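Chemist: All chains, please: the whole structure from these sequences, using the hints.
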Amino acid sequence: GAGVSQSPRYKVAKRGQDVALRCDPISGHVSLFWYQQALGQGPEFLTYFQNEAQLDKSGLPSDRFFAERPEGSVSTLKIQRTQQEDSAVYLCASSLRRNTEAFFGQGTRLTVV
Amino acid sequence: AQTVTQSQPEMSVQEAETVTLSCTYDTSESNYYLFWYKQPPSRQMILVIRQEAYKQQNATENRFSVNFQKAAKSFSLKISDSQLGDTAMYFCAFMRGDLSGTYKYIFGTGTRLKVLA
Chain A
1 GAGVSQSPRY KVAKRGQDVA LRCDPISGHV SLFWYQQALG QGPEFLTYFQ
51 NEAQLDKSGL PSDRFFAERP EGSVSTLKIQ RTQQEDSAVY LCASSLRRNT
101 EAFFGQGTRL TVV
Chain B
1 AQTVTQSQPE MSVQEAETVT LSCTYDTSES NYYLFWYKQP PSRQMILVIR
51 QEAYKQQNAT ENRFSVNFQK AAKSFSLKIS DSQLGDTAMY FCAFMRGDLS
101 GTYKYIFGTG TRLKVLA
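Top line first, the protein sequences correspond to chains A and B.
This note's numbering applies: residue 1 is where the first sequence begins, and numbers increase by one.
This note's numbering applies: residue 1 is where the second sequence begins, and numbers increase by one.
Just so you know, these hints were derived from the structure itself, not from any lab.
Any given hint might turn out to be false.
Which stretches of chain A does chain B cover? Using the computed rule of at least three CB atoms under 8 Å from a CB of chain B, they are [unchecked claim]:
1) 66-78
2) 92-101
3) 104-110
The structure presented is a predicted model; accordingly, all values stated were derived computationally and were not measured.
Yeah, the Cβ is synthetic: ideal placement off N, Cα and C, and Gly gets one too.
Modeler: Right, here's the structure in full:
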């Protein structure tokens with residue numbers, strides 16, 4: 001596609017519910033990032049993929065968070081047993097390769113009630 | 001660990017005037033990149049300008065330019081001839097340049113810029 005696409009744009013989940021957030025990177029982009037952005041804050045790193053390999057997951061806040069990119073293109077961020085503190089915008093970004101410009105999607109706003 | 005600090009939570013500027021947004025960072029790396037990203041209400045982060053640390057010349061991109069002071073670890077963004085469409089959150093970001101090890105953007109907390117008509 002022309003840009004990074006994320007779906008859904010908005011998600012409301014009841015506390016304890018599992019959610020899955022999808023990211024479609026730009027075709028051919030090797031690098032893919034997930035970031036979490038709390039209201040009024042800067043994005044915080046969650047995880048990084050190079051093709052299908054998850055090379056860095058140091059930013060995942062707990063074992064309730066899980067990300068995958070099985071075929072090296074589309075990625076899914078899954079949050080199990082959501083809690084109120086998980087409410088944030090989740091941003092996905094992709095780049096052609098390391099140290100080239102990253103393009104961001106419009107994010108998914110997750111609200112846990 | 002690297003950190004990025006933006007000390008101006010909010011700024012405003014009159015249309016057509018010039019404004020400077022501040023950013024400082026802390027790192028022990030010698031090879032790195034610095035970025036300014038713009039985030040309008042649509043939430044999509046858009047790259048404004050990028051600076052390689054090994055380049056002494058300050059990057060410019062049309063109305064946007066940076067003042068990169070490597071020794072002082074300062075990286076400010078100057079917006080000339082401000083336009084209403086420049087109204088957005090601006091984030092300063094750091095990335096290591098080493099091709100091995102950690103690869104991620106480290107963002108500051110942002111500056112909310114409002115351009116006034």
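Chemist: Each hint needs a verdict: does it hold in this structure or not?
Modeler: How the hints compare with the structure:
1. 66-78: Three-residue rule not met by the region 66-78 of chain A, so violated; n is 0.
2. 92-101: holds (count 4)
3. 104-110: holds (count 5)
In summary, the one numbered hint that this structure violates is 1.
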